[in-house]
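Could you put together the complete structure from these sequences and hints?
Below are the chains, spelled out letter by letter.
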Amino acid sequence: MAESETPMLDELEKGPWPSFVTEIKKAAETNDAAKDLLKQQEQAYKEKRGLWKHGGIVGIVGYGGGVIGRYHQRPEDFPGVQSFHTVRVNQPSGWFYSTEALRQICDIWEKYGSGLTNLHGSTGDIILLGTTTKNIQPLFNELSGEAGFDLGGSGSDMRTPSCCVGPARCEFACYDTLALCYDLTMSYQDELHRPFFNYKWKFKMAGCPNDCVASIARADMSIIGTWRDDIQVDPDAVKEYAEAGLDIASDVVRRCPTNCMQWDGKELAIDNRECNRCMHCINVMPKALRPGKDRGATILIGSKAPIVEGAQLSSVLVPFMKLSPPYQELKDLVEKIWDFWGENGKARERVGELIQRVGLGNFLEEIEVEPSPYMISQPRDNPYIFYEEYYEED
Amino acid sequence: MTVEAKRDIGPPHYEKFLPPVVKDNYGKWKYHEILRPGVMVHVSETGAEIYTVRSSSPKLLSIVTIRNICDLADKYCDGYLRFTSRNNIEFLLANKANIDPLVKDLAAMGLPIGGIGNAISNMIHTQGWVHCHSAATDASGVVKAVMDELFEHFVDRKLPNKVRVALACCLNMCGAVHCSDIAILGVHRRPPKIDHENLANICEIPTTLAACPTSAIRTTTIEGKRSVEVDEDNCMYCGNCFTVCPAMTLADPLNDGIAIWVGGKVSNARSEPMFSKLVIPWLPNNPPRWPEVVEAVKKIVEVYSQNAQKYERVGEWVNRIGWPRFFELTGFEFTKYHIDDYKYAGLTYKRSAQLKF
Numbered sequence: 429m430a431e432s433e434t435p436m437l438d439e440l441e442k443g444p445w446p447s448f449v450t451e452i453k454k455a456a457e458t459n460d461a462a463k464d465l466l467k468q469q470e471q472a473y474k475e476k477r478g479l480w481k482h483g484g485i486v487g488i489v490g491y492g493g494g495v496i497g498r499y500h501q502r503p504e505d506f507p508g509v510q511s512f513h514t515v516r517v518n519q520p521s522g523w524f525y526s527t528e529a530l531r532q533i534c535d536i537w538e539k540y541g542s543g544l545t546n547l548h549g550s551t552g553d554i555i556l557l558g559t560t561t562k563n564i565q566p567l568f569n570e571l572s573g574e575a576g577f578d579l580g581g582s583g584s585d586m587r588t589p590s591c592c593v594g595p596a597r598c599e600f601a602c603y604d605t606l607a608l609c610y611d612l613t614m615s616y617q618d619e620l621h622r623p624f625f626n627y628k629w630k631f632k633m634a635g636c637p638n639d640c641v642a643s644i645a646r647a648d649m650s651i652i653g654t655w656r657d658d659i660q661v662d663p664d665a666v667k668e669y670a671e672a673g674l675d676i677a678s679d680v681v682r683r684c685p686t687n688c689m690q691w692d693g694k695e696l697a698i699d700n701r702e703c704n705r706c707m708h709c710i711n712v713m714p715k716a717l718r719p720g721k722d723r724g725a726t727i728l729i730g731s732k733a734p735i736v737e738g739a740q741l742s743s744v745l746v747p748f749m750k751l752s753p754p755y756q757e758l759k760d761l762v763e764k765i766w767d768f769w770g771e772n773g774k775a776r777e778r779v780g781e782l783i784q785r786v787g788l789g790n791f792l793e794e795i796e797v798e799p800s801p802y803m804i805s806q807p808r809d810n811p812y813i814f815y816e817e818y819y820e821e822d
Numbered sequence: 251m252t253v254e255a256k257r258d259i260g261p262p263h264y265e266k267f268l269p270p271v272v273k274d275n276y277g278k279w280k281y282h283e284i285l286r287p288g289v290m291v292h293v294s295e296t297g298a299e300i301y302t303v304r305s306s307s308p309k310l311l312s313i314v315t316i317r318n319i320c321d322l323a324d325k326y327c328d329g330y331l332r333f334t335s336r337n338n339i340e341f342l343l344a345n346k347a348n349i350d351p352l353v354k355d356l357a358a359m360g361l362p363i364g365g366i367g368n369a370i371s372n373m374i375h376t377q378g379w380v381h382c383h384s385a386a387t388d389a390s391g392v393v394k395a396v397m398d399e400l401f402e403h404f405v406d407r408k409l410p411n412k413v414r415v416a417l418a419c420c421l422n423m424c425g426a427v428h429c430s431d432i433a434i435l436g437v438h439r440r441p442p443k444i445d446h447e448n449l450a451n452i453c454e455i456p457t458t459l460a461a462c463p464t465s466a467i468r469t470t471t472i473e474g475k476r477s478v479e480v481d482e483d484n485c486m487y488c489g490n491c492f493t494v495c496p497a498m499t500l501a502d503p504l505n506d507g508i509a510i511w512v513g514g515k516v517s518n519a520r521s522e523p524m525f526s527k528l529v530i531p532w533l534p535n536n537p538p539r540w541p542e543v544v545e546a547v548k549k550i551v552e553v554y555s556q557n558a559q560k561y562e563r564v565g566e567w568v569n570r571i572g573w574p575r576f577f578e579l580t581g582f583e584f585t586k587y588h589i590d591d592y593k594y595a596g597l598t599y600k601r602s603a604q605l606k607f
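So the sequences go chain by chain: A and B. For the first sequence, my numbering begins at 429 and goes up steadily by one. For the second sequence, my numbering begins at 251 and goes up steadily by one.
What the hints contain is simulated information worked out from the structure, not anything from laboratory work. Glycine residues also receive a C-beta, built at the ideal position from the N, C-alpha and C atoms. Just to be clear, a hint being listed does not mean it is correct.
Covered by chain B, according to a simulated footprint, are these stretches of chain A (three or more residues, beta-carbon under 8 Å) [unchecked claim]:
1. 440 to 447
2. 488 to 502
3. 564 to 575
Residues from chain B that face chain A, not an exhaustive set, calculated with beta carbons under 8 Å [unchecked claim]:
4. Asp258
5. Gly277
6. Tyr281
7. Ile316
8. Met397
9. Phe401
10. His428
As structure tokens, this is what we get:
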């Protein structure tokens, strides 16, 4: 038997977790780009470094983003991946598919690309991993013209919005995350496809404070479902949990961060004015407890990964907003923010960094939102205040 | 025959892709129960039920495997399926009797099920050496090695709470790992190597200077050519300059490696969302299986699983026991690199005499 050309990668076919090496090998059976991807990866493992060139601009006619150019540093050694561009395809809300649609994408990708994908990329797109410059346009023509898919975002544009599974299969959803995700995506196609912002802008929609899409860490605007009224309690179901062995005192009441619950062995009492919507009790007893009926979302702003000035979590901008089509209140807010950011942001400055630079108070004034104690964890403890007015004697 | 492109059509409407039982019960789900590792049921107000089988995935999928997955969805799920925010594959079944045959077929394909509840779900991760120009480590390879080791916690649910593990192959963090229970982060450790010969031709110098968060880059002239120089004492290897200027390479096999971060979360359950904190500043890149990284992650999971109280996430557990005890229990060395020296560093100093001995 011939010796393997990829002894190091072969090691990663062992073990119980499904192997990406096996996936590349499967594609390599019929595709030369995948074959050379495997070889270049083995070489990267030998050298302990990546072997891809920086950037390269390629694209689709009429679009400014959606394709990431990628060229190899050693095209003569790995001709199959000389150019190996990524195409970001906007995923459907909630990552639901029919097998028909997925097969159609596979057929088109077999024709024009490496046969390798990411399901999904970090921002949520379907990632078609590796094609040539000449294939990009015909690939897009078939994807959009036949399969009905469009490109996602890249560069300084609105990145592809994404959302949790929401009301499609989750009882915690406090608004329709799939509908809002679709609506914003469609309303802002120009912003998605033509990068004219200072830097990227991400929307993520989570149906409840469990935040399964990590919106509070990863979105310039995080839209997190919540409710204003009382937790819905089914007392019989509470008893059933207790009878089935759940230690309500220890596992629910003691873990409540606001101590707003009491359990006397028969009845669960909740002081809803003190509840901070953390979700713990509901997570533990989903049969017995549900979010209230007056539902909407908390809108938070500014989270991002470290580049450029350091990582941030989003902070509260609107404590509670009702969300139903056409979402005009939300869109008005978004557009005011985009205007201010566009006018005042520096190149490669995310909105969260702009807010750090100008101060949340000034930012609120500019976008015409009233300051509220819901927006802070504490008032300032530093006395260096920039008062904007003072009295003069007449 | 050429096909005409359509522009700005957006993604297909999601309603086209919802299985009938989902469409009928959209917004009507009442509660759910985890039936066993990797399997849960959601019950609707109408009494309808939907069974979810959550399968692992390497995220990097060939069309061969996608088609095989589609075959299973055709066979058991009326031709529909979905993916999760952590790259798992979810099969939604209206018929309970299909669960076992589906799980059996998945196992035959090498796709174990799990990742629901108090478990380790699939790792989110970036591209690494498979596709990225700024990677300080590979992504898929490290993930594979780590998940092989943590496998028992994917297929079971015996941890105090869920543990979310994530990997980003450089500080750009397109995987946004900074709020994970355990974050594996590729790091560079050496200032950029500057290609003075070509820099002025391929980089915009003012943009390059502006890219540096510590203003460590200055203009210079080398052998008559305009270029830049880096004040190495102020370089923290963030890679911002490289992002805008390809002539400033950071990749360096001797010095690139992995840092380990612990205790972040995004959920609001009990405690507020929080960042992950540094516990190991650097481990070597040791492909193909990164044994040092695997060992460190395994250690954190073991110590957490033995010491945390029920429902405590890693960060909540550490907040209760305190960082001195975390370092004691894990045996990880505490160094000056663990102490922040960037903006607001003082907020991370211990500003009280409340100490456990």
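Evaluation of the provided hints:
Counting residues of the stretch 440 to 447 of chain A whose beta-carbon sits less than 8 Å from any beta-carbon of chain B gives 7, enough to reach three: the coverage restraint holds. Three residues within the 8 Å Cβ limit are the bar, and the stretch 488 to 502 of chain A against chain B gives 5, so the coverage statement holds. Counting residues of the stretch 564 to 575 of chain A whose beta carbon lies closer than 8 Å to any beta carbon of chain B gives 8, which reaches the threshold of three, so the coverage claim holds. Satisfaction of the interface hint for aspartate 258 of chain B is found here, the shortest Cβ-Cβ separation to chain A being roughly 4 Å, below the 8 Å cut-off.
For glycine 277 of chain B, the interface hint holds, the least distance from its beta-carbon to any beta-carbon of chain A being 4 Å, beneath 8 Å. A hinted interface residue such as tyrosine 281 of chain B counts as satisfied when its beta carbon comes closer than 8 Å to some beta carbon of chain A; here the least separation is about 4 Å, so the hint holds. Given the 8 Å rule on beta carbons, the hint for isoleucine 316 of chain B holds: about 5 Å separates it from the nearest Cβ of chain A. With its C-beta approaching chain A no nearer than about 4 Å, methionine 397 of chain B sits inside the 8 Å limit, and its interface hint holds.
About 5 Å separates the beta-carbon of phenylalanine 401 of chain B from the nearest beta-carbon of chain A, less than 8 Å, and the hint is met. Evaluation of the histidine 428 of chain B hint against chain A yields a held restraint, the C-beta minimum of about 5 Å falling below 8 Å.
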